[in-house]
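Novice: Residues per chain are reported as follows:
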Amino acid sequence: MSALTDPTNSDSAQTRRAIPDRLGTPFTRILASWEVLLLIVAVVIFIANAFASPYFLNAWNLSDATFNFTEKALIAFAMALLIIAGEIDLSVAAIIALASTAMGAAAQMGLGTPALVLIGVGTGLACGAVNGFLVSGLKLPSIVVTIGTMSLFRGLSYMVLGDKAYGGYPASFAYFGQGYVVWVFSFEFALFAVAAVVFAVLLHATNFGRQVYVIGNNPFAARFSGVPVERVKFILFLLTGLMSGIAAVCLTSRLGSTRPSIAQGWELEVVTMVVLGGISILGGSGTIGGVVIAAFVMGLVTFGLGLLNVPGIVMSIFIGLLLIITIALPIVARRMKGRSLR
Amino acid sequence: MKHLLKNREVLLVVIIAVMIALFATRAPGFAGPKNLANIFNDTSILIILALGQMTVILTKSIDLSVAANLAFTGMAVAMLNAAYPALPLVLILGVAIGMGAALGAINGYLVWALGIPPIVVTLGTLTIYRGMAFVLSGGSWINAHQMTPTFLNTPRTMLLGLPVLGWVAILIVALMVFVLSRTGFGRATYASGGNPVAATYAGIDVGRTKFYAFVLSGALAGLSGYLWVSRYAVAYVDIAAGFELDSVAACVIGGISIAGGIGSVGGAVLGALFLGVIKNALPVIGISPFAQMAISGLVIILAVIFNARAERNRGRMILRAHSKAEGGA
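Listed in order, the protein sequences are those of chains U and Z. Just so we're aligned, residue 135 is where the first sequence starts under my numbering, counting upward by one. Just so we're aligned, residue 562 is where the second sequence starts under my numbering, counting upward by one.
Heads up, some of the hints might be wrong.
As the list claims (entries may be wrong) - Keeping only pairs whose Cα atoms sit at most 35 Å apart, straight-line, the calculated DSBU-like set for lysine-lysine is:
1) Z/K840 - Z/K595
2) Z/K595 - U/K471
3) U/K273 - Z/K840
Said to hold, decoys possible - Between beta-carbon pairs, the in silico distance windows are:
4) Z/L863 - U/R365: 20 to 30 Å
5) Z/E872 - U/A339: 36 to 46 Å
6) Z/L713 - U/V315: 55 to 65 Å
7) Z/Q707 - U/P445: 15 to 25 Å
8) Z/S849 - U/P445: 44 to 54 Å
9) U/S187 - Z/A759: 54 to 64 Å
10) U/A260 - Z/I848: 22 to 32 Å
11) U/S395 - Z/L720: 35 to 45 Å
12) U/V466 - Z/A759: 22 to 32 Å
13) Z/S701 - U/V315: 38 to 48 Å
Please keep in mind that the hints were generated in silico from the structure rather than gathered at the bench. Just so you know, even glycine gets a beta-carbon here, dropped at the ideal spot from N, CA and C.
Take these sequences, add in the hints, and give me the full structure.
Specialist: Structure below.
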């Protein structure tokens, strides 16, 4: 990710040299962490929403609100690992479009639900493998590669569909995006919860997770310590493709139709979610817990704005601002801290 | 290095010539001077955007907000023209370039002063600028009948067999050749991307160079905003959606290294023309225009692979020269 890491950026060098005398008590450290800050923001937005609209505090409405973020969050978990390892995948939304198109074509041929799911997830995996091969096999920068595959994957979808749309999915296929496990808890929300736990364990409690952090902090040191850097990166691209495929199944099932413009611009929202969750865009740090809370924050913001009748494109202004501000704030705060020390 | 770059440009010229010859076998008029002028005119806006994008990429950055900048500025000048038809065109051009430069300066400031990675900044401003185009227009269209004839017809006026739009592109190309090869800023641009640490030690302010590169890219995007709106005689929120990728593609195809510091104006222009020829040829050889996106994606990936190989070879040659020198001593 040569374009992302900037060797002339003096900020990181300065903070790396500053070692505090005491770490502070565990309690104050927890209070000052990004995740807690984010949780407070989430609660504030929740309360603000409750006051702004009388329809907000209703179990079914809140359940509806989760659909705003569950599919994106599924991808965000895998993207979080990828960004921690110092790479990025801008093709995730295009993978959804291609996987959805593949499922649509299969549904036209009369295939059943299990086959459709297999095709959707398989397409995601295949796209992930293409990205992984280009980045870790051919050692190309992931930003340009995934800008290229973004255009290629969605372009293939346009080639197949043009200005038409696929529909006519089997009735049982609707469960993934519209079904409920118990009461107001949707299948998608259950999937989101399971994925959160799986990814949290993978990142925070396995050797693989440690390797991801090491690669993000220093790929050369990682290689010299015996970490299979390229293999780990390849697996991470596969994982991102897999989660995009699963998200494609959910989204296609929820919408019940496929257009080539499906999930347009989602790559931005997924990256925003990850960065908002406290994962450093330069790699090497962050937690899955942060991404989970960030998912809720973004879902609440978009749902709240929706209840206030704000159009989608205006919401995207808020998302863009959120992205820049959440990255800028820690940098500004660090600078102000540095100044007061001097 | 100069030798290699020359090769790349010669290679591109040959490829484009072969493509045109092949397409001409399917459609006899394709290689005629009239059609070629038409293709160049059609590609003018992409050439202008690619030159701005190239300057930014040379400094090790990327500007994904150019198309959104174009849409926002284009909408603004179209509305200005519709509301105040008496305003002279020079003033409208000034507004377009100034507004584009200001939007570019926002990108540049965030990259320079806060050290936020350019891709994140411009992904964010991409949605913000396009959202602003919606807020400004309320989602409505500005159609041809609302624009003044001068506003609409100036870029279409024929001058020596080429519309003014094409001449503007040629003027910008000449200007960029001058800026990048004959000014301090041009040298600083190559130095900042080629080796930021060495550039800093040489007294070049890398951050400020990036800032100016973004301002330049924004100004060219603003100019393109006016050109686009007057050429297609309509302004709406979604104009040029996804066009930022085409500008990056033109640069990558033209041999501009995404790692910064390597690339030439000629390369970017030829990269844009390559895409322009394909775009104009697709309907001629009977391929659906919907295939264009997939083809540019494929071409980007192939070009990146090609560039990476060329750069890797170059690295190896330098190493060999070093070891030889050491062995000799």
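Novice: A separate judgement is required for each hint: does it hold in the structure or not?
Specialist: Do the hints match the structure? See the list:
no.: 1; hint: Z/K840 - Z/K595; verdict: holds (17 Å)
no.: 2; hint: Z/K595 - U/K471; verdict: violated (64 Å)
no.: 3; hint: U/K273 - Z/K840; verdict: holds (30 Å)
no.: 4; hint: Z/L863 - U/R365: 20 to 30 Å; verdict: holds (25 Å)
no.: 5; hint: Z/E872 - U/A339: 36 to 46 Å; verdict: holds (40 Å)
no.: 6; hint: Z/L713 - U/V315: 55 to 65 Å; verdict: holds (59 Å)
no.: 7; hint: Z/Q707 - U/P445: 15 to 25 Å; verdict: holds (23 Å)
no.: 8; hint: Z/S849 - U/P445: 44 to 54 Å; verdict: violated (32 Å)
no.: 9; hint: U/S187 - Z/A759: 54 to 64 Å; verdict: holds (57 Å)
no.: 10; hint: U/A260 - Z/I848: 22 to 32 Å; verdict: holds (24 Å)
no.: 11; hint: U/S395 - Z/L720: 35 to 45 Å; verdict: holds (39 Å)
no.: 12; hint: U/V466 - Z/A759: 22 to 32 Å; verdict: holds (29 Å)
no.: 13; hint: Z/S701 - U/V315: 38 to 48 Å; verdict: holds (44 Å)
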